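Which chain is which? The protein sequence lines are A and B, in order.
Residue numbers for the first sequence follow this note's numbering, beginning at 1 and rising by one.
Residue numbers for the second sequence follow this note's numbering, beginning at 1 and rising by one.
It is possible that part of the hints are untrue.
One copy or any two copies: either way a pair holds, since identical chains are not told apart in the list.
Said to hold, decoys possible - Here are the computed lysine-lysine pairs in the DSSO-like style, where the Cα-Cα straight-line distance is at most 27 Å:
id, residue 1, residue 2
1, Lys363, Lys32
2, Lys81, Lys233
3, Lys353, Lys81
4, Lys63, Lys353
5, Lys353, Lys89
6, Lys79, Lys233
7, Lys281, Lys79
8, Lys89, Lys306
9, Lys363, Lys81
10, Lys412, Lys81
11, Lys33, Lys233
12, Lys32, Lys359
13, Lys412, Lys353
14, Lys281, Lys33
Calculated from the structure, these hints are not laboratory results.
No experiment lies behind these values; they were computed from the predicted model shown.
2 protein chains.
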Amino acid sequence: MPAGTLLYAQSGGVTAVINATASAVLQAARTKKVRVLAARNGILGALREELIDTTTLSTAQVKALAHTPGGAFGSCRLKLKSVEADRAKYERLLAVLQAHDVRWFLYNGGNDSADTALKVSQLAAEFGYPLTCVGVPKTIDNDLAVTDCCPGFGSAAKYTAVSVRECALDVAAMAETSTKVFVYEAMGRHAGWLAAAAGLAGEGRDEAPHLILFPERPFDEADFLARVDAVVKRLGHCVVVASEGIRAADGTFVADAGGGKDAFGHAQLGGVASHLAGRVKDVLGHKVHWSLPDYLQRSARHLASKTDVEQAMAVGRAAVDCALAGQNAVMPVIVRTADEPYQWHVDVAPLSKVANHEKTMPKGFIRADGHGITAAARRYLAPLIAGEAYPPYVRNGLPDYVVLPQATVRRKLPAWAG
Amino acid sequence: MPAGTLLYAQSGGVTAVINATASAVLQAARTKKVRVLAARNGILGALREELIDTTTLSTAQVKALAHTPGGAFGSCRLKLKSVEADRAKYERLLAVLQAHDVRWFLYNGGNDSADTALKVSQLAAEFGYPLTCVGVPKTIDNDLAVTDCCPGFGSAAKYTAVSVRECALDVAAMAETSTKVFVYEAMGRHAGWLAAAAGLAGEGRDEAPHLILFPERPFDEADFLARVDAVVKRLGHCVVVASEGIRAADGTFVADAGGGKDAFGHAQLGGVASHLAGRVKDVLGHKVHWSLPDYLQRSARHLASKTDVEQAMAVGRAAVDCALAGQNAVMPVIVRTADEPYQWHVDVAPLSKVANHEKTMPKGFIRADGHGITAAARRYLAPLIAGEAYPPYVRNGLPDYVVLPQATVRRKLPAWAG
Chain A
1 MPAGTLLYAQ SGGVTAVINA TASAVLQAAR TKKVRVLAAR NGILGALREE LIDTTTLSTA
61 QVKALAHTPG GAFGSCRLKL KSVEADRAKY ERLLAVLQAH DVRWFLYNGG NDSADTALKV
121 SQLAAEFGYP LTCVGVPKTI DNDLAVTDCC PGFGSAAKYT AVSVRECALD VAAMAETSTK
181 VFVYEAMGRH AGWLAAAAGL AGEGRDEAPH LILFPERPFD EADFLARVDA VVKRLGHCVV
241 VASEGIRAAD GTFVADAGGG KDAFGHAQLG GVASHLAGRV KDVLGHKVHW SLPDYLQRSA
301 RHLASKTDVE QAMAVGRAAV DCALAGQNAV MPVIVRTADE PYQWHVDVAP LSKVANHEKT
361 MPKGFIRADG HGITAAARRY LAPLIAGEAY PPYVRNGLPD YVVLPQATVR RKLPAWAG
Chain B
1 MPAGTLLYAQ SGGVTAVINA TASAVLQAAR TKKVRVLAAR NGILGALREE LIDTTTLSTA
61 QVKALAHTPG GAFGSCRLKL KSVEADRAKY ERLLAVLQAH DVRWFLYNGG NDSADTALKV
121 SQLAAEFGYP LTCVGVPKTI DNDLAVTDCC PGFGSAAKYT AVSVRECALD VAAMAETSTK
181 VFVYEAMGRH AGWLAAAAGL AGEGRDEAPH LILFPERPFD EADFLARVDA VVKRLGHCVV
241 VASEGIRAAD GTFVADAGGG KDAFGHAQLG GVASHLAGRV KDVLGHKVHW SLPDYLQRSA
301 RHLASKTDVE QAMAVGRAAV DCALAGQNAV MPVIVRTADE PYQWHVDVAP LSKVANHEKT
361 MPKGFIRADG HGITAAARRY LAPLIAGEAY PPYVRNGLPD YVVLPQATVR RKLPAWAG
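Given these sequences and hints, build the entire structure.
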């Protein structure tokens with residue numbers, strides 16, 4: 001049994017498959033006889049010294065994690081700033097790690113988390129503390145650099161494509177006397193990855209979604225309304241997919257429901273669909289409905305992509321391998337070698353190449369008219385939503401999701417004053 | 001081969017399984033060598049003499065109907081008034097039926113449709129035209145009289161319970177530093193059946209949903225906010241399920257997004273969740289998110305209840321049997337004989353007992369505090385969401401839903417002037 005402890009923490013918005021990564025981490029560590037602590041509520045738990053002892057979990061619980069959405073140990077939105085600005089936090093973090101003999105730190109999150117993991121590794125080196133830091137990719141936003149795709153995205157993409165196809169069939173059936181325009185709001189602050197995934201729901205200009213609004217293209221209301229009206233005139237109905245982050249030409253968000261900012265300093269958005277629906281109703285006079293799935297789209301484990309689940313588990317296993325091999329300041333990434341039949345494997349990238357970069361959608365993925373996806377986008381997206389990975393259901397018709405005990409190990413340090 | 005034609009029409013809001021009923025009708029009719037025409041866009045197609053010849057559909061298409069959401073032949077919101085007020089429409093309808101030798105009329109809808117089918121049967125008798133009218137139950141609202149439950153409800157209920165459980169896991173994981181209150185808006189104008197189904201997502205006062213708002217109970221904002229705050233203080237987060245039709249003590253709807261009325265004269269609702277979320281944010285100051293699944297909840301065939309699919313097909317088969325046996329002005333209904341293990345069969349009820357009645361939720365289904373469901377409600381609801389009935393998926397990760405050709409048979413009458 002290797003000396004030392006592995007600390008695993010989840011960060012940022014959770015996904016349908018981040019727990020699949022956690023499950024893989026725990027399973028791989030158990031095989032190697034490595035003790036794993038899990039920070040409660042992400043990096044916050046590490047700072048507060050709230051560490052969950054995963055060795056008390058049963059094999060069945062660890063296995064059930066792989067089909068449970070949400071974040072089993074809790075996650076958080078807490079971005080550490082530069083080492084200079086947040087030195088006390090970094091030093092507290094190292095103190096906690098040292099107190100619990102943590103030699104391997106796995107941080108499961110997006111690009112902010114990659115940055116944090118990188119800084120922790122640098123500070124540990126500065127202090128001469130032997131620590132291996134490994135980032136583990138996760139985000140439904142699919143905006144991490146280097147990796148071909150991000151665990152979490154494929155399942156949200158599958159949910160989006162299937163949901164849009166389903167509600168489009170509903171709208172088409174009723175359009176003659178009822179709703180003619182339907183607006184579906186997809187998550188995506190800066191990049192329209194999920195909106196693009198909706199494009200998989202149909203092919204050709206007559207199949208829904210008829211219009212996709214990408215944050216990559218400036219929103220022009222008059223043009224939008226004219227396009228909606230033309231589709232309604234041609235087909236009798238129109239299904240629109242709008243990315244939450246669409247902005248007018250002057251850069252202002254089309255709808256900013258909250259008007260606030262989250263802990264990461266990002267604008268907190270929402271309400272694009274209801275805004276667009278209102279404009280369609282007021283200007284065009286068509287009966288309109290809209291849907292805001294919100295968290296449903298990132299927690300729909302019941303409709304996870306098999307590809308996504310497999311990749312989420314693969315990066316978890318690879319992260320443990322990296323850690324135990326002493327590969328410091330790296331992140332396992334997905335490398336695609338073929339579109340069809342889809343082939344991929346896990347490689348390892350330096351965190352410095354991932355941290356604080358944002359992968360945008362290639363320009364060649366958006367159709368020339370700006371409102372649909374190209375064949376290249378389909379080739380990229382289709383394998384990511386392929387396959388089903390249903391959770392087991394219990395007798396009462398609900399998935400057998402597991403809720404883990406959150407008891408933490410005994411503290412060794414004074415309470416955190418931060 | 002019996003002389004005459006069977007006309008099948010879909011009515012009102014479509015569901016995840018109304019096409020399963022259609023599939024069963026077509027399969028049963030084919031077994032009996034009965035020709036089936038399907039009205040395009042419901043009763044409107046019958047009036048316009050837009051009749052789809054289903055004999056051209058392949059066996060594979062008919063089978064695929066059983067796992068396709070939406071309304072394959074189109075539906076409509078067009079309520080015929082009294083025979084006196086809408087005599088011209090009824091007479092046109094009979095003329096179309098006669099022109100196409102329709103001897104059996106199956107109308108697949110809710111209580112308004114049961115009323116229409118009943119009136120058509122009465123008028124046919126008045127005119128001495130031999131016609132057997134059979135209502136076929138369908139509605140996610142679960143508000144039809146006589147039948148124990150309504151095909152379409154079980155699948156929407158399963159979607160609701162699973163979605164609420166999933167997003168609750170997401171919220172719980174993030175609540176420490178992010179969203180503390182989540183509001184899920186469920187369909188249900190007058191009866192809180194779907195909101196009640198959300199109650200299946202958890203048990204006990206600590207499992208989500210923590211608060212359900214039923215249209216059966218007057219909404220009291222101060223009480224609501226106090227309850228939300230208390231749950232947040234106790235658990236760190238609070239998941240609320242709100243029925244779209246909740247009203248204040250004075251009878252006004254809490255949120256009326258459109259402010260209009262649909263063709264049935266019902267107020268067109270929406271926006272309860274966003275309204276409640278706004279109040280939580282403004283008054284309590286908690287970070288809040290909300291979800292408005294809208295049509296997603298009634299078209300989610302990917303998460304259909306097996307019980308629901310089986311019942312939808314059973315009433316379709318029974319409707320054909322009733323029609324061919326000359327049982328006029330009736331509707332096949334679901335009779336429950338045991339809760340656990342769940343047992344049910346199909347019986348036949350007179351349309352007069354169904355038409356224009358609305359089944360409300362038993363008082364004993366809502367917990368004494370007004371914000372949760374009772375054990376009796378669980379006993380009733382649990383079997384309705386039991387079992388999974390997944391659609392087949394094609395290689396590209398999407399369900400293999402079928403879109404049928406909409407070609408209509410040659411007209412025999414002048415165009416309808418109505």
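Consistency of the hints with the structure:
Taking identical chains as interchangeable, the C-alpha atoms of Lys363 and Lys32 are never at most 27 Å apart, the minima being 44 Å within one chain and 57 Å between chains. For the identical chains of this complex, Lys81 and Lys233 are neighbours neither inside a copy (52 Å) nor across copies (29 Å), given an alpha-carbon limit of 27 Å. With identical chains, the CA atoms of Lys353 and Lys81 are at most 27 Å apart within one copy only, with a shortest distance of 18 Å there and 68 Å across copies. Taking identical chains as interchangeable, the C-alpha atoms of Lys63 and Lys353 are never at most 27 Å apart, the minima being 32 Å within one chain and 51 Å between chains.
When the C-alpha separation of Lys353 and Lys89 is checked against a cutoff of 27 Å, the pair qualifies only within one copy, where the shortest distance is 24 Å, while the shortest distance between copies is 70 Å. With identical chains, the CA atoms of Lys79 and Lys233 are at most 27 Å apart between copies only, with a shortest distance of 25 Å across copies and 49 Å within one. When the C-alpha separation of Lys281 and Lys79 is checked against a cutoff of 27 Å, the pair qualifies only between copies, where the shortest distance is 23 Å, while the shortest distance within a copy is 41 Å. Taking the shortest alpha-carbon separations for Lys89 and Lys306, neither the intra-copy value of 38 Å nor the inter-copy value of 52 Å comes in at or below 27 Å.
For the identical chains of this complex, Lys363 and Lys81 are neighbours neither inside a copy (32 Å) nor across copies (55 Å), given an alpha-carbon limit of 27 Å. Only within a single protomer do Lys412 and Lys81 lie at most 27 Å apart by alpha-carbon distance; the minimum there is 26 Å, versus 76 Å between protomers. Neither within a single protomer nor between protomers do Lys33 and Lys233 lie at most 27 Å apart by alpha-carbon distance, with minima of 65 Å and 39 Å respectively. For the homomeric pair Lys32 and Lys359, neither the shortest alpha-carbon distance inside one copy (34 Å) nor that between copies (60 Å) is at most 27 Å.
For the homomeric pair Lys412 and Lys353, neither the shortest alpha-carbon distance inside one copy (35 Å) nor that between copies (71 Å) is at most 27 Å. Taking the closest pair of Cα atoms, Lys281 and Lys33 never come within 27 Å of each other, the shortest separation being 62 Å inside a single copy and 47 Å across copies.
Checked against the numbered hints given earlier, the structure breaks hints 1, 2, 4, 8, 9, 11, 12, 13, 14 and satisfies all the rest.
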